[in-house]
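K.L.:
Protein chains in written order, with the numbering used here: chain G, 1 to 793; chain H, 1001 to 1096.
With a straight-line cut-off of 20 Å between C-alpha atoms, the simulated EDC-like cross-links for lysine to aspartate or glutamate are:
no., chain 1, residue 1, chain 2, residue 2
1, H, K1064, G, E757
2, G, K288, G, E241
3, H, K1063, G, E757
4, G, K748, H, E1085
These stretches of chain H come out as covered by chain G in the derived footprint (C-beta under 8 Å, 3 or more residues):
no., stretch
5, 1016–1024
6, 1042–1051
7, 1059–1066
Derived from the structure by calculation, the hints contain no laboratory data.
Just so you know, even glycine gets a beta-carbon here, dropped at the ideal spot from N, CA and C.
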Amino acid sequence: MNSYIKLGIAAFIPVIASVFFCLLEEKTKFKKLPYPVRQAIIGIIFGAIAILGTEYGIPMNGAQVNCRDAAPLCAGLLFGAPAGIIAGVIGGVERWFAVYWGVGTFTRVACSVATIIAGIYAALLRKFLFDDKRPSWMISFASGIVIEVFHLSLVFLTNIHNAEKAAQVVKACTIPILVATGSSVLFASIFVAGVAKDKMLIDRKDVGISQTIQRWLLVCVVIAFFATTAFLNMVQTGIAESQANVVLTQALENVSPGHSITTIGETGYTTVQKDNEFIDTSKYKEMKIFKTEIWGVPSFIMYKNQLDSQILAVYPLAEANATRDISLYVNTFMEVLVFAVMFLLIFLLIKRVVVERMHKVNEGLELITNGDLSEEINVHDNKEFTELSNGINHTVDALKGYIAEAEARIDQELQFAKDIQAAALPRLTSAFTERPEFDIYASMDPAKEVGGDFFDFYYTREGKLNFLVADVSGKGIPAAMFMMRAKTQIKALAETGMPVNDAFTGANKGLCEGNEANMFVTAWIGSVDLEKGAIEFSNAGHNVPVLKHADEPWKFIQNPPGFILAGMDGVKYRKGDYMLRPGDILFVYTDGVTEANNATNELFGDDRLLDALNSCESDTMEGICKHVKSCVDNFAGSAPQFDDITMLAIRYNGPPPRTEISFENAQISDITEITEFVETELEKFGSPLKVTTQINIAIDEIYSNIVKYAYENNSGPATVRLEHQHEPNGILVTFIDKGIPYNPLNAKEPDTTLSAEERDIGGLGIYMVKQSMDEIIYEYKDEKNTLYLFKKF
Amino acid sequence: MDINKTLNGESLEVALAGRLDTTTAPELEAALELDGIKDLALDFSNLEYISSAGLRVILAAQKKMSSQGNMVVRNVNDTIREVFEITGFIDILTIE
Chain G
1 MNSYIKLGIA AFIPVIASVF FCLLEEKTKF KKLPYPVRQA IIGIIFGAIA ILGTEYGIPM
61 NGAQVNCRDA APLCAGLLFG APAGIIAGVI GGVERWFAVY WGVGTFTRVA CSVATIIAGI
121 YAALLRKFLF DDKRPSWMIS FASGIVIEVF HLSLVFLTNI HNAEKAAQVV KACTIPILVA
181 TGSSVLFASI FVAGVAKDKM LIDRKDVGIS QTIQRWLLVC VVIAFFATTA FLNMVQTGIA
241 ESQANVVLTQ ALENVSPGHS ITTIGETGYT TVQKDNEFID TSKYKEMKIF KTEIWGVPSF
301 IMYKNQLDSQ ILAVYPLAEA NATRDISLYV NTFMEVLVFA VMFLLIFLLI KRVVVERMHK
361 VNEGLELITN GDLSEEINVH DNKEFTELSN GINHTVDALK GYIAEAEARI DQELQFAKDI
421 QAAALPRLTS AFTERPEFDI YASMDPAKEV GGDFFDFYYT REGKLNFLVA DVSGKGIPAA
481 MFMMRAKTQI KALAETGMPV NDAFTGANKG LCEGNEANMF VTAWIGSVDL EKGAIEFSNA
541 GHNVPVLKHA DEPWKFIQNP PGFILAGMDG VKYRKGDYML RPGDILFVYT DGVTEANNAT
601 NELFGDDRLL DALNSCESDT MEGICKHVKS CVDNFAGSAP QFDDITMLAI RYNGPPPRTE
661 ISFENAQISD ITEITEFVET ELEKFGSPLK VTTQINIAID EIYSNIVKYA YENNSGPATV
721 RLEHQHEPNG ILVTFIDKGI PYNPLNAKEP DTTLSAEERD IGGLGIYMVK QSMDEIIYEY
781 KDEKNTLYLF KKF
Chain H
1001 MDINKTLNGE SLEVALAGRL DTTTAPELEA ALELDGIKDL ALDFSNLEYI SSAGLRVILA
1061 AQKKMSSQGN MVVRNVNDTI REVFEITGFI DILTIE
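Could you build all of it, start to finish, from the sequences and the hints given here?
P.N.:
Rendered as structure tokens:
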């Protein structure tokens, strides 16, 4: 087999081993073995590969060529310092003893030492220059070249007395060994990087300062290397030629015609030719040195004419240039080594002086960027870094000032916003707390200063109680602003007493207009008829409320929600209804309750909500809300509140207690009793004296009408009922009789401008009542005349 | 209701106390004997209020007195004055 192919195969063994170990580390549990064990295994295997190289040297140009050094280099550079040293020592020591079983002794020292050094070199490089990471393919390749150059230099150094033989060996090995080891390490490096998915193509912004300087240094070093080598070659060639000139001249001068054949140096000689039988000398001058081939050997030649022949002095170029070649090799090798050392030194210096300080500055900057403005950067090792540190510290100081200023301003504005939002929520005034029909409590805890949740409750114009809980998408100021819009629109419509689902439909239309921010609202609204307990509700994508009836446990009101508000124009909302029985409690809330999460990102959830409600011992609405809130807080623990938490609890207590007085057979004398009763009740309600008087007059007028006209000639039942109303504060007086249908509001109004003689007293009573009351409504229903009088306090 | 009458020749002064309503108006109507009276004075100092039944009695008295003499109403409180205003009685009666 061609020896070049053999060498190629030998060079490929470390590559295969490297890829194998890399896959082992990436894909198997090999990585779980302790580091020393892994390093030992890798070191031993690569040591064995080095031994293989020694034992199967490939004969080439009369020398044994191998790429033993590639194994410790691969182990050290690609897998770790200890592995490199182990492989190097194994390979080197084996080479030392290999002479006993037939491996050449000439390069014994050089080969042994070079292999050990290769391992140590790779280990040091990886440990101290690359922070125990794999170097790039360029460095790997250069390392292979440098180590082999060192190896060849050692061949000279250890055979200083046999320089010519050393030169022959070196000459035979240099190119194959450099190519083999260099490419072995290079491909191992590239393939391993590919397997381990290291970044191969380095982005320009990722190229470090040291790498840039390395590149330019490499260019300079290569140019300097070639220039000095060419110059030295020229000079040494000149010297070799002039020495050959001297040797040949002397030989020709000394040769005697009788002894035409002598030797010159080791391989030179003189000879005699006739008629240019060996070489044609006609082109050359006598006694002048020239270069040509004789017997196929390139040589320096000089001739001298004598009689009919010529004496030729021949000095083969190989011998003449031997010294030049040795000095060229040694010089070249030394340059490579010196440049390599220089290269590493500069790399190390830059790393120490610039890169490490830069990292220190960057570490500080990272802390600052992450919000730790108290971090100071103190890199004062030289002028440039001192200036940089001071500059950064001053910038951070200035920044701190601005931030503090901005924070103060924002804090103040947020406080205003918070106050405004709090003011927009309804307060539990006496109009709500003093109503016997229900108990209500609501709370809103924003996650930030202001929130997107809100609740609302108010009386409709028909006297129903509306209550609402809603959640605007998002948090903070934008949500708070949209919340104000939503609250106003819904209330404006629902307050008129229109069905709650129609109020939602209308509010949705309004909220869709100009909703460029694509915010939306989920809401649940209920409207209770406090007389009967009938509740009508509508749900716009909101959490389903929970209800408690009598001693039963809490349960969700199962009713499918409609679409969210402000999501799409033209959506129609449905209406649900339910009959609240006295004592029923309704709990309405936002998803801030059920979606509160704890430190392990678990949600509070529906079941915990039911548990919290069922475990509540408080009988008040405030107690229920606070109990649920404390359950949520306990559950969340240290986890920050993520969303606004809003709750509303309402209990229906049944219709308002009525205050009324009834008579089976209405007669005028009842008025005194009625008036006494009414005065007592009105006093309880805090009625002003004037209102009491006006009510008395009204009772006198209306009741006397009932007595006189309702039952024609007979008498019948009559009832006067009093109800204290809160919105607005006033008294509702209701007269009920079962007489003939009669609407007193239709009575002809008296002309109050007539003179005494013309005046008729008829109709004046009703007229007075109409004038003094704030509202009068008549209805005939279920064969009863019912007249409602309302008077504000 | 208390009705306190003071007759002085042809002038009669009636002081009312309490409420002049459907129940009490007939009492006043019966108490007002106006035949031969030239000057009638109604003192409302202690009257709380008047309903339309009371107004009817007062209107009747005013009509009668217009033909035979003079009638004044005295010491009208705000509530009663308001009733007079609403009903237009303020233009008919002479209120002192």
